[in-house]
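Use the sequences and the hints to build the structure in full.
Heads up: the sequence lines are chains L and R, in that order. The numbering of the first sequence is our numbering, which starts it at -19 and goes up by one. The numbering of the second sequence is our numbering, which starts it at 14 and goes up by one.
None of these hints come from the bench; they were simulated from the model. All figures in this text were calculated on a predicted structure; none of them were measured in a lab. Treat each hint with caution, since some may be false.
[Said to hold, decoys possible] Here are a few chain R residues that face chain L, going by a calculated C-beta distance under 7 Å: (1) Ala23; (2) Gln53; (3) Ala58; (4) Leu65; (5) Gly66; (6) Phe67; (7) Thr69; (8) Gly119; (9) Trp140; (10) Thr141.
[Stated by the list, open to error] Covered stretches of chain L (chain R as the covering partner; in silico rule of three or more C-beta atoms under 8 Å from a C-beta of chain R): (11) 181 to 189; (12) 270 to 284; (13) 291 to 297; (14) 555 to 564; (15) 574 to 584.
[Said to hold, decoys possible] Partial pick of chain R residues on the chain L-facing surface, computed with a CB cut under 10 Å: (16) Phe28; (17) Asp31; (18) Ala32; (19) Phe46; (20) Val47; (21) Tyr50; (22) Gly54; (23) Trp91; (24) Arg114; (25) Val129; (26) Leu136; (27) Ile138; (28) Gly145.
Beta carbons are placed, not taken as given, at the ideal position from N, Cα and C, and that holds for glycine.
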Amino acid sequence: MNDAAEKFRSPLAAEVVGPEAEAQFERVWEKPSGWRRISAVNNSVIGRRFILTTFMFFLAGGVLALLIRTQLIVPENDLLSTEVYNQFFTMHGTTMMFLFAVPMMEAFGVYLIPSMIGTRDLCFPRLSAFGYWCFLFGGLLLYSSFLIGSAPDGGWFMYVPLTTKEFSPGINQDFWLLGVTFVEIASITGALELIVTILRMRAPGMSLHRMAIFAWYMLAVSFMIIFGFPPLILASILLEAERAFGIPFYDVTRGGDPLLWQHLFWIFGHPEVYIIFLPAAGLVSAMLPTLSRGPLVGYSLLVLAVVGTAFLSFGLWVHHMYATGIPRLALSFFAGASLAVSIPSGIQVFAWIATLWEGRPLLRTPLLFVIGFIIIFVIGGLTGVMVAMVPFDWQVHDTYFVVAHFHYVLIGGMVFPLFAALFFYLPRATGRMLSETMGKISFWMLFIGFNVSFFPMHLTGLLGMPRRVYTYPAGLGWDWLNLTSTLGAYMFAAGAVVFVVNVFWHVRWGEPAGDNPWEAGGLEWANPSPIPPYNIRSIPRVTSYNPLWDQPGLHDRIESAREYLPTATEGKREVLATSVVGAAPEYVLRLPSPSFVPLLAALATAATFIGFLISKYWIAAAGAATFLLILLFWLWEEPHEKHEKYVGNGLTLPIGSGSTGAHDWLGCLIFIFVDGAVFASLVYAYFYLWTSAAVWPPPGFAPETGTSAIIVLALTVLSLIVVGLTHWAASHHNRRGILLGLFLSLPVLGGLAYALFAAWGELPFNLKSHAYGALVVFIGGYFALHVLLSLCSALFSLARFFIGGAVPHKDVSALVFTQLSLYSAVVGLVAFAVIYLSPTAFG
Amino acid sequence: MAKPEKFAPAPKYGFPADAKGFLLPPVVWAGFFVAIYSVQGAGCAAIEAGYLGFGTLRLLLTALTVLTAAAILVVGIWSGLAFRRIRRENAEGDDGAVQSRFLAEGAMLSAGLFFVATLWIGLPIAWTNPCGG
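If you want it as structure tokens, here you go:
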């Protein structure tokens, strides 16, 4: 420990945990066994499941890639038909982006973050389990399309009009739209709880400036997911609504625009590249100090790079659309942002090189993969700067040059760090080391195979070979380049097979890893390996960025239960909630035990999606209703048996919190961000179609501000007053005020729902006749849905106080209601302005 | 029972050496990006409808860029001065001060990055037709 930090450390108490308390602690945290294991919610179990499942999808996507490359090995090949080839390349891209790259990185977050920040689990363990089941079922739903020969075939980008009902009448694209949306639930739930966990559950003293660097990366990426995924969810809902019910959004003949899909898709799609890259770069930043036997160079600069990339990545989406006829000045905005994002990327590369330069590198397999990553990623980054320039992009747009570029970025930027991390962290999970010999063989096969496969594609692209073609004629100079690429792909696949063999081998024959095989300094190594279900035996005070290096004896104090929360005397799983910036302990947070609820909720969600897929809407409705019932059961909590407890080292803390800023309040806030991003995308769609339409609204479509509309506005404003009253009472823990506010809100929200229904009846158009009408109904409907959600929230909160015995300073249900209702009112006001005011204000 | 340990729950100094200051440059830049893209789109529609001239649109876009760059620059200089002051006034061990110093340094560095990003995005306004394909 450095001397300065040591000054803040009071002497530790000599509190000894007896064998009985020790046994109870183990019992509370143990994983269920046998078939009940599916009810486990621990992050270590869920994280491992996630990593394994995503790796299986990686292998499946890899097999599809090999089949694609085999088809292209010679000109005029007929191994795959056009239809099958289209399905394979669509599912290859979809698998790698949605079922492998993003979830794999989130899986690492789920698995590693709690132990890196010195806590025992994620803050919403059942949500992680729910996310995993959604991911698995969504992935299986997508792959089940192969069983009926109807796999998606519109490309992983699903461009309209190719994917509209007119040009794709089969069920193929519906599998994609519904399956991917289902899978995205997992990404969002994972992001939500990673944010809350990182902000509110770090070990005491782990203030932002000494937070594990991977946590910074995951924090930024989680926010990117929160704001980046909703546009695609909305775009998919709109396309599915058009395909299933004929409601126009992209149909030019009815006021829609296919380019709207491209905008919404790439507002998601470009940040996604960084959503994939940043966590991988975070793993590199986390491993490098250990692998180079020295501190990480430029911690503050790396934090800046991560935050900077997160923001800049949202200003790049149009660089996928340079060839769509957008005005040149607008293109230059995105070109400028595309060039600016190379600055934080460069900062990271130089920080890694400096860390290696300053240290004494340990040239083991993980470091080989890290070096391979830096080389490949820099090449991909350079071609990225090339395609960020509009004139160059116009030359190589939709050619194999672009295929080469993004594989350099994605395989170099994500797969190589992933292999490094698997070599580095697998011993922590299994307690055994992987074979160095096999590791080095697999590295060289992957590295050489990758470059042999993808480097020639730059040339194939420059020679004019377009992407997504299932074959090509001989004699255009593409033959030997394609042959080389295919041979490289086989070599790459062989390298992956060697890695898989190594994994199987090490489980049985690998050398025992011991507690900290790499002599690392991070808290994730402060446990025995394989890692116990509680991650960390007692929760330490952290005074350094590398606690195990700088705080002598910390490992022993953690293991001998002499730090915080050493026991589980009430038979509950407990962690500490700490302040956002300084990580000072604030309250004891109780976590749920194993539960089947997440699995049941995911099954109900699956029923909803399958109902839509097969057009049996009663199944979808039944699934949604069941999900709602399960959700109410899920959210119901018993009051704590006492209000505070002694957590060790002289500190007594309250159990739970009913205040603004508590972890569940924060979770709800993040959910509202997701919801707000969906609504913002909907409003964006409205104004985008306006700018591309000749007349907006079409003649006879503009709704009049009639009696119902005025009542809606008045009740929305009234709901704001009631919400304000309830919020004041909830913030002051005033039970009477809370109950009064909740009771008052019932007629206001009920009346609002009724008035919205009446206003809908007054609309002067048919929903299916024009995109304007469709958007007006969707925007108004979105508001109505949130009014109903607020009503449910008020009823739930009332039930908590009357039946559940909730006390105001321990229960956030009233604060959650005010959050949700406030947000609903804001949605209502924006919707009113868009529907009733904008046509006259800007028309 | 041992004496409770002491913690610094929040940074010792206020804005810009806090979380708000740290996030301000990227947030300002994000607002700028949305604004410049929207103004350009809406402006071109207004030009087509005859409500606006090219010169006015170019002026609007330039003003937006200059104002944003200036605002980010002010935050950068302010946080740089705060960073120096915190370093001068505090001993190594004050945890709240270390938090503030880290956040002030972050604000200063991110102001630098987003100042450059703003200029790169805004520069082409000087020579590119605002609505030309």
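Hint numbers the structure violates, sorted upward? 4, 5, 6, 7, 9, 15, 16, 23
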